[in-house]
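Protein chains in written order, with my numbering: chain F, 14 to 175; chain Z, 7 to 348.
Please note that the accuracy of each hint is not assured.
[As the list claims (entries may be wrong)] Not the full set, but computed from the structure, chain F residues with beta-carbon under 7 Å of chain Z:
1. G84
2. M87
3. T137
4. E141
5. A144
[As the list claims (entries may be wrong)] Only part of the chain F face toward chain Z is listed, based on derived beta-carbon distances under 8 Å:
6. A39
7. P42
8. P44
9. S86
10. A133
11. V136
12. K138
13. T139
14. L142
15. Y145
Simulated from the structure, these hints should not be mistaken for laboratory data.
C-beta atoms are modelled at their ideal positions from N, C-alpha and C, and glycine is treated no differently.
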Amino acid sequence: MKRLARLAVLTAAALAVHTVEAQIPAFVPVPGVKLGLANAFTLFVMFIDGIPGAAAVLLARVLLGGFASGGFSMLIYSLAGGAVSFAVMAILKKPFGIKFAFLTGAVGGVTHNFAQLFVAVAVTKTPELWAYFPVLAAVGAICGALTGFISGIVVRRIGRYT
Amino acid sequence: MKRFLPLLLCVILLTGCGETSATREFFAMDTVMSLTAYGGNAETAVAEAERAVYNVAVPGETKESVEILKIAERARIMTDGAFDVYYACTGEPDFGGIAKGYAADEAAEIFRENGIKSGLINLGGNIYVVGNKTSGKPWEIAVQSPFDENQTVGTLKLADTSAVTSGVYRRGEHIIDPATGLPADSGLASVTVVCENSALADALSTGLFVLGRERALEIWRENRDLFDLVLIEEDGTVTVTEGLESVYSSGGKHETAGSGEIGIFLGGELVQSVDLNAVAKPYDLNVGGGNVAHIERGEVYMLEADCPDQICVKHAHLRTNERYDGDTPIVCLPNNVVIKWI
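Could you build the full structure based on these sequences and the hints that come with them?
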């Protein structure tokens, strides 16, 4: 029960961060460029609860976020990006550990954007979109490193209390 | 030894170091034809080529018929039947619209087999140039005005390819529209097709003439690597497709087709294509209910979108004079709307 409550609160928090972040206008007119701060929660939950719990939090957050913003058409992008980067981070979490969580986050960010771009190209049938990949990979790596770093710090500070 | 040198020189000079040429002019397929070849085997080449042209001109059951039929069929499909060797009435094939082209291909092949590196084949206006001129520069083929035989509209610098023209030119030669049985009336005065296969060029020039400018350019877009066009409309407007832009020169103005085309896609499917260079007045186009594109001569951009990101609206405008094939498309992901160069 306690675990469910814990995960629910974290889901709500992730959703809140996601929603607030969505209000910030895109820095560059490239589709898919964002900080992705809500992903810090994904990695955090992986550390303190485990992979299945983190998957549940991610899935709940993405679905609720889709309902809330009314953008069902965009759901496929979040799911694709989320699923692929989740799998990659789940694999890298153990070898990199908490100390190098920023690396896990960075790789997660790159794969997240790659998967989203892949889906975008498929849905719009516009291979020209791949031209965006260098930018998206760079932004994904940097922002992913940031969120991974945040996850690592938070785990170290309050992880034992959760 | 000293005696040999002048003798040696004479021999070399007399054989001309291989710069021989040969020309044949003759009458076949109702028109004047001329074959010119430069090179050691020039005489043989033009003699053989002349024989080959006569063979094509003689109707009969030859292997050439089969090959001609294949190319004719391809042209028929490409032009939706506007070119057809079979007339509805007679049921017999009439190779008039493709024979000269085929003969030119045969002649060119004979030239090449004989090692000719420079040659000009002119079968009543159906031109095939082998290699460059002996000077090394490309051949200059004149595009005649369909309104005045003595006027040249422009010149094409060509090598190793064929140029065939169909139009309202001479001898009251009427091109019949197979759909109506009447002379074609599509707004075009002449169509010149530049293509490495002269038979296809011959057939296409007739078919595209019947179809008119818009459809001709559409078919060109689907086959950009296969052929290029020079179109002259009844009002004198000249349009040159992009592939010829660098080799076409003229005293007057002309439009270029192919450098300004954009496609507007909804849900992955093309809903409209626009040649930005041909846009007269600016206008706004509603795409799928959620986006509005602004289109004007030489430029397109997303004016409005109902998506929260507005990334498509912020995207740089696509401009024909700044066109770069690596340009990213204007994309509105939530609405699956794409505007890009095609």
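Each hint, compared with the structure:
1. Checking F/G84 against chain Z by beta carbon gives a least distance of about 6 Å; that is within 7 Å, so the hint holds.
2. A least Cβ separation of about 6 Å between F/M87 and chain Z falls short of the 7 Å threshold, and the interface hint therefore holds.
3. This hint holds: F/T137 has a C-beta 5 Å from the nearest C-beta of chain Z, less than the 7 Å allowed.
4. Interface restraint check for F/E141: the shortest CB-CB distance to chain Z comes to about 5 Å, inside 7 Å, so the restraint holds.
5. Because the closest C-beta pair between F/A144 and chain Z is about 5 Å apart, less than 7 Å, the hint holds.
6. A hinted interface residue such as F/A39 counts as satisfied when its beta carbon comes closer than 8 Å to some beta carbon of chain Z; here the least separation is about 6 Å, so the hint holds.
7. A least Cβ separation of about 4 Å between F/P42 and chain Z falls short of the 8 Å threshold, and the interface hint therefore holds.
8. For F/P44, the interface hint holds, the least distance from its beta-carbon to any beta-carbon of chain Z being 5 Å, beneath 8 Å.
9. Hint status for F/S86 relative to chain Z: holds, with the closest Cβ pair at about 6 Å, below 8 Å.
10. Proximity of F/A133 to chain Z holds as hinted, the smallest CB-CB distance being about 6 Å (cut-off 8 Å).
11. Because the smallest distance between the Cβ of F/V136 and any Cβ of chain Z comes to about 6 Å, under 8 Å, the interface hint for this residue holds.
12. The criterion of a C-beta within 8 Å of any C-beta in chain Z is met by F/K138, whose closest approach is roughly 4 Å, and the hint holds.
13. Look at F/T139: its Cβ gets to within about 5 Å of chain Z, closer than 8 Å, so that hint holds up.
14. Hint status for F/L142 relative to chain Z: holds, with the closest Cβ pair at about 7 Å, below 8 Å.
15. Taking 8 Å as the C-beta cut-off, the interface hint given for F/Y145 holds, the closest approach to chain Z being about 6 Å.
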